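*Asks:* Spelled out from the first residue to the last, the chains are:
Number of protein chains: 4
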Amino acid sequence: MQNEKIFRDPVLNEIHVYDQVILDLIGTPEFQRLRRIDQLGVTSSVFHGAEHSRFSHSLGVYEIARRIEMHLENFYPTQTPGDGLWDANERLVLLCAALLHDVGHGAYSHTFEHIFHTDHEAYTQAVILSEETNVNAVLRQVAPDFPEKVAQVIAKTYPNPQVVQLISSQIDADRMDYLLRDAFFTGATYGKFDLARIVQTIHPYAGGIAFDEKGMYAIEDYVVSRYQMYVQVYFHPVSRALEVLLQHLLERAKVVYDDRRERGLSTDFVPKLLQPLFSGDLSLEQYLTLDDSVLLAAINQWRFDEDSVLADLSQRFLNRVPLKSITVGKAQRHLLPELRRLVEAAGFDPRYYTAENDSFDLPYDAYNPDAKQQRTQIELRQQNGNLVELSEKSALVKALMGREFGDARFFFPSEMVKKQATDDMMAPIYAEFQQYIENGQLVEPETKNSIK
Amino acid sequence: MQNEKIFRDPVLNEIHVYDQVILDLIGTPEFQRLRRIDQLGVTSSVFHGAEHSRFSHSLGVYEIARRIEMHLENFYPTQTPGDGLWDANERLVLLCAALLHDVGHGAYSHTFEHIFHTDHEAYTQAVILSEETNVNAVLRQVAPDFPEKVAQVIAKTYPNPQVVQLISSQIDADRMDYLLRDAFFTGATYGKFDLARIVQTIHPYAGGIAFDEKGMYAIEDYVVSRYQMYVQVYFHPVSRALEVLLQHLLERAKVVYDDRRERGLSTDFVPKLLQPLFSGDLSLEQYLTLDDSVLLAAINQWRFDEDSVLADLSQRFLNRVPLKSITVGKAQRHLLPELRRLVEAAGFDPRYYTAENDSFDLPYDAYNPDAKQQRTQIELRQQNGNLVELSEKSALVKALMGREFGDARFFFPSEMVKKQATDDMMAPIYAEFQQYIENGQLVEPETKNSIK
Amino acid sequence: MQNEKIFRDPVLNEIHVYDQVILDLIGTPEFQRLRRIDQLGVTSSVFHGAEHSRFSHSLGVYEIARRIEMHLENFYPTQTPGDGLWDANERLVLLCAALLHDVGHGAYSHTFEHIFHTDHEAYTQAVILSEETNVNAVLRQVAPDFPEKVAQVIAKTYPNPQVVQLISSQIDADRMDYLLRDAFFTGATYGKFDLARIVQTIHPYAGGIAFDEKGMYAIEDYVVSRYQMYVQVYFHPVSRALEVLLQHLLERAKVVYDDRRERGLSTDFVPKLLQPLFSGDLSLEQYLTLDDSVLLAAINQWRFDEDSVLADLSQRFLNRVPLKSITVGKAQRHLLPELRRLVEAAGFDPRYYTAENDSFDLPYDAYNPDAKQQRTQIELRQQNGNLVELSEKSALVKALMGREFGDARFFFPSEMVKKQATDDMMAPIYAEFQQYIENGQLVEPETKNSIK
Amino acid sequence: MQNEKIFRDPVLNEIHVYDQVILDLIGTPEFQRLRRIDQLGVTSSVFHGAEHSRFSHSLGVYEIARRIEMHLENFYPTQTPGDGLWDANERLVLLCAALLHDVGHGAYSHTFEHIFHTDHEAYTQAVILSEETNVNAVLRQVAPDFPEKVAQVIAKTYPNPQVVQLISSQIDADRMDYLLRDAFFTGATYGKFDLARIVQTIHPYAGGIAFDEKGMYAIEDYVVSRYQMYVQVYFHPVSRALEVLLQHLLERAKVVYDDRRERGLSTDFVPKLLQPLFSGDLSLEQYLTLDDSVLLAAINQWRFDEDSVLADLSQRFLNRVPLKSITVGKAQRHLLPELRRLVEAAGFDPRYYTAENDSFDLPYDAYNPDAKQQRTQIELRQQNGNLVELSEKSALVKALMGREFGDARFFFPSEMVKKQATDDMMAPIYAEFQQYIENGQLVEPETKNSIK
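Protein chains in written order, with the numbering used here: chain A, 1209 to 1660; chain B, 1209 to 1660; chain C, 1209 to 1660; chain D, 1209 to 1660.
Treat the hints with care, as some may be off.
Since the list can't tell identical chains apart, any single copy or any two copies may satisfy a pair.
What the hints assert, rightly or not - Here are the computed lysine-lysine pairs in the DSS-like style, where the Cα-Cα straight-line distance is at most 25 Å:
id	residue 1	residue 2
1	1422	1601
2	1626	1422
3	1532	1213
4	1626	1532
5	1400	1606
6	1480	1462
7	1601	1400
8	1213	1627
9	1422	1627
10	1601	1462
11	1213	1626
12	1422	1400
13	1627	1532
None of these hints come from the bench; they were simulated from the model.
This one's a predicted model, so the numbers in the text were calculated from it and none came from an experiment.
Can you make the complete structure from the sequences, with help from the hints?
*Replies:* Structure, rendered in structure tokens:
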């Protein structure tokens, strides 16, 4: 163990690497590329401290998995096959899966994938399994079937449920790292929880991972943290407004590209490294040259494009001029066409300058065979060894369980809510638009209260 | 403002004093006495870091009140009487009430008062109002009626509801300090919240104190913190077990004292400073000589008393040999007489060696005219100036509102759950007793599961 | 003051803006561009958490200046001109200068400027003074001569020495923010100091800024922090190695560009936005389109360039394959030509694959009229009002004063120190090279100790 | 290892106990008694947060030793006797010595011992070695000679120098805990260092403990922290003033006791538990009943004693009315008799109301065979295995090495520096006294500067 390598980490303090294979994976170009992909995309334009990358996050997930594995190996080493305890032979597959779980992520993934029909999960599998990649070469040195094992863990098809749950479940190394890391860098005072405590109470059983009942409060706190980060950070209206801008500008760029190509015009407004993406014929190698800087440099240049919608959206995005938004109750949804009409009357194409966006999250749920997306429920282990589902013991979690938190919003140009725009010929339109808004909510114009 | 005096504080970083009257109050013997009274009593025997005093807490409440007052004075100064804004003339009465709100507290107050029929709230009023005290002398220098005003704030009879609510409400300077301070010193990773954020969103109105809606998440977090500190720290079973011991040993000391006095025997096992307390004739001045050290020195000495129950309870208390406990569901309560019988059969007087204790808390509630103890609900102020009760906006608080958290426990000597006591003639009694316990709960003997 | 805008900041907790002009400056495209320029350049490849931007730092400097100004305005408001106290009319010029002090910075400035002869200080002045910029337009709204005043503060020619010293001196808002911020994001456990304490002890006098003697320990700690950050972070050998790579690859790109242009070949390997830079004809507007992403996207593409040196350096830089280094004592410097010869023999062009780099810093010095770079010494203010230079009171600072800390290093390809390279025909060259290295230092080959 | 017991600790986060013997030692009355002895004595009257006990500190030293031992066992297990690596058989003796190193400490030890000629180190040995104690009984269960071994470690006579240095050296578990803990509770922003880093770089060798050179910065920071805590906290003038009061009041109590006893009067002003101490015939068992509360309860009562000096000193101590002080340069020392004369003229007995006190510390020194108190120097281990003394590598430590920091002070009643005491007949004496003071220093009356 003397070849220990330590990475200082502001969130987890220190990240320890004892295995040459992990060190080699970190050194691959595919993994180094994650340094150039922000973890939170546009969110750093709202929480300016949150400029951390997927590289940091991936190291963090690795480190949390390593701490859990060390705990399991020290306290619950398997004695006989099938005893439900931890098999130390799973160590390396767990650590590699933790490190590589996001290796196929691209720039501003969620927005980007929507437009270009790429899929970061498929790319993660490809990076691990394709014999072209350095990652695959490093993994193959462990064993010929090792890449396949790592890929299975990420795909949740690996036979050992303990390994799978440590990477993907309602309380896994990935979620624990991103909640802590995003809380740290956004400067949220919420969103912290006691990682060390949770790690110490992890208790393996044949069906997966449980938590000793004495650690329940740390898990309660984790559930609350998750709720807080969602409603305060991930669902922040200005982040969502910037994502809408990004999505619309990429859609517009694609429209412009297709149009120019059809008309036989030059498409060199799309930089060389992005060309395969726009033409729809993108190899794995080409995908792996893409990162935030390639996309940002393109948007930077598009600010000067002759297509005025592309140029305007690009400059709004880069200069951080987000759309505004209001919450929309179900009963008021019927008013949106009227709002869109007013936006159009004010001179904005509603396809690019308005949007609806619903963001809701379920902080915790017990297993529900009828749910669209099934969840592995959190199990507590009692003194006598019996397992019990978290909400049966935690009154706090019971209160939250199965409830969705979030909101539905309508986005529009900030011009629409300009005040005292008397010198603006659109002023009457703005004034009419503003009658639909009260305390940040969409309302029937006649229901507005007078301000007290 | 150049005579600023700064106290370094590990919780609030710095405590700033700008007023000579505050500095003089801190310097009084009555206030200095709070250094010798622990904030959390026996809890430091469970959370060993929590050895902080009521002196620290009182400075903290003052500092939080000062920060709030500075915020109110800067942002919401009253313009015309009755406009619902903040009147800077209330500054000193607020700060003095904050500093002095606990000045009448005694050693291990809650236990102590129960036995000796003292009342720390009455003593707080007396310290402020009695012309014998240095505190009163300092306050009178401000104005002849100033002590009366300070006392009214603490008694919640002061006419300005803003001042009263900042000292006593569901979210006041006192609670905010003790939650933060107790979390800090116990080493809880929970129980933190964003004080600065809450202070900045305080918004006065004619009826008291509201909070800008934009600060809602900080208040949610405060409500959760409160919940967490109660269930994890204040209701900790071992703390409650030590409190039971303390209560029973003081009861026994009183019984022994009364008995010896009746029989004309020497009562000098009670130290000089405690004599007035036991004889039931205690002046304010005598009360103010009492502190933790007087009580602890007495218990120290009682370990060697000839009354074996007093000696044994004293040594258990001082050497930290707490009673054990189990939770008691309503349906199982009928079994307690049988448990007490077994404790007695094992040689322990159940009056002193067993106890029932229920600890429940309501983390937050809206105003309820029918409740025993009425609460000032937390009001959020929306953009348009309307007030709305917290749970109408916070789905998290709505989920918690009106729910009680906590448990009911039965306490007994740890000997009863001794394992492998084959050399002990009481072993059969212990074994029978243990049949009533499963996973820390009282159960019907026949319902015990076999351990898996 | 009710239009307060708060930015959450992980380092300073909250950044408060009360002035519309500050909010407008933050909203300018020139200032938003700083989001896309990393504060520490290549350092984030060594300390992976340090991915913060100049935007964050600039907000931080503003916030520290704001806290200092509030302190000065509260405690030391000028009464009569020339009394040496603080003139609140300087508030806005101080805050704007703090916010804008880095607005002309470019991508990887220090390396970049060396190659392309740009000067970020000149660009900062230009952004403030040029009537083309949005920054200038916002500043002009305050007063016609206001841009000039702000520029003077940054150029240290502003008549009020207090304002100048708060922005540029041995202990100013800029340094305090970057030390704290860089320490925070690198995860250094050193490098912290008590900002609040330092702010509170600032005491103006006619000649500038002094510090109350009671705050001396906080300043000692600041001086030590500065030392620690320099030797541990800013002078880290791997950062310097990556900077060497970046410098050499940009030099090579320039050589290739000039060569291709001379030969009439296409120079479109340089992306559109970088073309003006390479052609040497760069307008202010063009400069302001440059950011990290433009440079990184270019290097990304150069990995595939037909110039093999450019391609190799680009891929080493992007895939983080730094040069190795050793420290060089003066007495051993004469050995460097021999080392360079060996590097060349191993197949590397020493112009691009080796470098010498000296990094030394003086953590603190008193004013010295003979020094190349004169420093404003730190003055302590004693109880009786006399000023005394810091090291006369602080034995710790006296021990450090005037001492330079750092090292001189020689950089070379990591291949040169490959171990067990028996299958490599260069192995004998590597072996010879390695004889010059002992404990990371350049040594005479014969002086190597045997390992114990 | 499944019987892990965790203590939450605000400083070290968690303290883990895996050995029944450690748990049993913590449960002994002798160890529990440390809960009632403050770590910093009177210092909590200056830094009000510093109310932590020797119990907390002792657990902390144990935990640091445990972390170091785990590191040594994992990374440097001995292979063959005499190889200089770590022998895991030393584990328990190390942990027990760490836990028990202060078990003989008494209330306000340093002051107390001076008066009553007790010696906490001798008592620590006695608690471990005497067959009367529970501590000894627990230790004997490990092996008959185990108490002797533990005692040897604390006495520095144990044959394994690694074990001894981990408990007593310039950088040992005891010092590391008290520096961190005292910094934490005083609220000092200085005094922190990176414990985890230091632990990880510990490297055993045959002669003791060295530190890998890569961890040098953490050790530098530790040396600076030590300096900072000494000059700012441990040498704080007000703490020293309260210690002077305590010392003088105990001296006075002894004088009064001896006098009353000689004169055949009652000595019951000394409470029962303190009687053996005053009569000079104190058994180990009696010593172990003493704690802070016994002493404080006595002083509390002495406030009402008929001896006016004892009563006055007791009330000054308990009500925190410290003596004032000034620094005394060697050249001015000859003025002290004159100051004492003035104090006496103002009505104070100079034996009880004045004192001289010198406090100096050497933050670090290399081994010096001529020094009074020899120090084990800190050794760094270079890449090639050679050891080198710390200051040869750290320019910062070199700058501090061998330098003493601190001051010499003269203490006197605060009445002497009363201002505007026109109604006081002692005013002329005070005025004369004040001529000797300038900026907190003792000066020749004629050298006083006029205030600028």
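*Asks:* The structure should be examined with respect to each hint, and the outcome stated for every one.
*Replies:* The hints, checked one at a time:
no.: 1; hint: 1422 with 1601; result: within (11 Å within a copy, 33 Å between copies)
no.: 2; hint: 1626 with 1422; result: between (55 Å within a copy, 21 Å between copies)
no.: 3; hint: 1532 with 1213; result: between (47 Å within a copy, 17 Å between copies)
no.: 4; hint: 1626 with 1532; result: within (11 Å within a copy, 57 Å between copies)
no.: 5; hint: 1400 with 1606; result: both (21 Å within a copy, 22 Å between copies)
no.: 6; hint: 1480 with 1462; result: both (15 Å within a copy, 20 Å between copies)
no.: 7; hint: 1601 with 1400; result: both (22 Å within a copy, 23 Å between copies)
no.: 8; hint: 1213 with 1627; result: between (58 Å within a copy, 18 Å between copies)
no.: 9; hint: 1422 with 1627; result: between (56 Å within a copy, 21 Å between copies)
no.: 10; hint: 1601 with 1462; result: neither (52 Å within a copy, 41 Å between copies)
no.: 11; hint: 1213 with 1626; result: between (55 Å within a copy, 18 Å between copies)
no.: 12; hint: 1422 with 1400; result: both (19 Å within a copy, 20 Å between copies)
no.: 13; hint: 1627 with 1532; result: within (14 Å within a copy, 60 Å between copies)
Hint compliance for this structure: hint 10 alone is broken.
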